[in-house]
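Residue numbers (this note's numbering), protein chains in the order written: chain L, 1 to 401; chain U, 1 to 297.
In short, the hints are calculated from the structure, not lab data. Yeah, the Cβ is synthetic: ideal placement off N, Cα and C, and Gly gets one too. Heads up, a few of these hints could be off.
As the list claims (entries may be wrong) - Just the calculated beta-carbon pair ranges, DEER-fashion: (1) L:K175 - U:G208: 47 to 57 Å; (2) U:G115 - L:D263: 52 to 62 Å; (3) U:E60 - L:E200: 34 to 44 Å; (4) L:Q23 - U:T44: 48 to 58 Å; (5) U:A59 - L:A397: 28 to 38 Å; (6) U:G18 - L:A244: 22 to 32 Å; (7) U:G262 - L:A348: 36 to 46 Å; (8) U:G42 - L:H238: 14 to 24 Å.
As the list claims (entries may be wrong) - Which bits of chain U does chain L cover? Going by a derived footprint, with three or more residues having C-beta under 8 Å, they are: (9) 96-104; (10) 135-145; (11) 162-172; (12) 208-220; (13) 257-264; (14) 278-290.
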Amino acid sequence: MNLHEYQAKQLLTRHGVEVPGGQPCTTADEARAIAEGLFAEGQEMVVLKIQIHSGGRGKGVFKDGFKGGVHLCKSADDVHEKAKAMLGNTIVTKQTGEAGRRVHTLLVASGEKIVDEFYLAVLLDRETSQPLIMASREGGVDIEEVAETNPDAIVKLQVDPLLGLQPYQARNLAKALGLGGKLIHSGARLISGVYKTWWECDATMVEINPLCIVESPDDSQKIAAVDAKISIDGNALHRHKDIAEMRDLNEEAELEVEASRFDLNYIKLEGSVACLVNGAGLAMATMDAIKHYGGDPANFLDVGGSASTEQVTAAFRIILKDPNVKAILVNIFGGIMNCNTIAEGVVAAVQETQLALPLVVRLEGNNVEAGDSTLANSGLSLITADSMADAAKKVVAEAAA
Amino acid sequence: MAILVKPDTKVLIQGITGNFGGRHTRLSLDYGSQIVAGVTPGKTGQKFEDQVPIFDGVAEAARETGATASAIFVPPPFAADAILEAVDAGLELVVAITEGIPVRDMIEVKAAIQGSSTRLIGPNCPGVVTPGTGKDSQGGCRIGIAPGYIHKAGDIGVVSRSGTLTYEAVWQLTCNGLGQSTCVGIGGDPVPGSTHLDIIKLFNDDPGTRGIIMIGEIGGSAEEEAAAWIKENCNKPVAGFIAGTTAPPGRRMGHAGAIISGGKGTAEAKITAMEAAGISVAETPSQMADALIKILK
């Protein structure tokens, strides 16, 4: 589950990480009030940032031509005007796709005077099954780009999960980033806080980019997380009720939200051949087979190991809401699951949704003969297939017809 | 011969009184597996279907029945504790079927069991099957949720991160008359107890295994690591398949571990590494058995 920047900063603050002062808001008037408060505290600049689950916000362009999802403002009036232009408006960034994303929330924060920028992230190192801290002297840019062009700038630190990050490790990392003097201590404190956030919140990733040395009005320097991205392990939400409430359904594709209500794993893709499969690996392999025979998969859809008629019907309804779909492939390996139950589910779903698209069904496994005869005697004009390859070929041909 | 379990391996079930655990215990008993005990705290003295004695804890269940392997069916919030209990009781093999265990729990478990003599398979896996020689391969050892009847006793080892895709491969083998020594589902989570490589080493050392099918999917680099080892050390023919060539980056494809992140874990990279190691990679999932048959001597 992805969080908004302002939510990520709330979690970081709870774990002792310094972030620029500010608040989220949903109206231009609220934005003005927050900005007035920050100016009253002596801030010279206020930054206004749209809150969407997508990168490239600064360079995005709104559908009405308004440019940029991040703005530095010198007055409360300017904040109000920019907030008005962005709220309720739809922005297209390099990550949103053409449809873009509607802006519901803004973060109004103090515009810090940045002296230097770094990168810091905590994630799981899958090779060792241990937490990994990655830091780079080059901040504010894409870390994958740094890894390509200047890999020496990246410092990696493996953490023993049972001991946790030790203070000396955090100090060494701060020093490796080039921090000196007092900043070693505030840097180490921040790194420890970021690690703690990752661990305590069951995050799959915490990314601070940029992590900055900022200068206060009194010329003193400190380290702060100027931008932050956090993803949470969805399987751990049962122990984080507060974080679970941060889920923003506006940021998730409508069909995927509906699928999750029926415990279906659905991911919409761009192609025209829909598929409905039991098991995640088989579902991916089915998409691959469709592509192999010249088609383009319209979705990933795993109905799980014990799909009920309700689930199969819901799955058909969701598939049919995608206007790109031209043909559907049902691929079931009924291991424990009875193929006849699945066949009855498919027949019921086809009748209920009054399916008009070509449907190819491949059943294999437990009680497959009964399943096949249920399909054959249903009076429906569906196409049966006897292997995955056969099914993929047939459905691709149907979609192209 | 086989790896991990033999037909006479004594198995206990943690979470035997749950719906899911109970159902699959029944299926394992029907298959002829030696399910000798169940564990559900607070239910010691009771019996599962008047047949299998239930104990409060793993240690006493193992002591009383001689069980050396466990299957874990307990719900995700309690699964890490169940694994640690089984390891602490000194079982040789622990197979965690449970899907949805928090990653942090598994990071702790994996660190905590370093150096123990227990082998952990899973979590989020279909389990382990060593087929028997009876009708529909009955009389074998089935730990987990795989359908028993698709198997056939033989000498091909199968290791996979996916459930139904494993069944697909096993069924293709069986239909081609090729039986299996042992089939191991290592699970689709980002922190697995055992990796492809761990299992392939066991198959390589098993005189009862003649050839190997390795099924992988996007995410992580376990397949690449296995391929590098196979290239240098494996003396048996290996065929493979990687699912997720068409998966979009940054999206979790059903399995918690099936995600391309930061450009890493793509199907292309895995297939390239496997082909470079001399592994016969199936072009489509329909050809997994064929890919092996092609290179079997």
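Problem - Structure-inconsistent hints, enumerated in ascending order - result: Numbers 2, 5, 10, in rising order.
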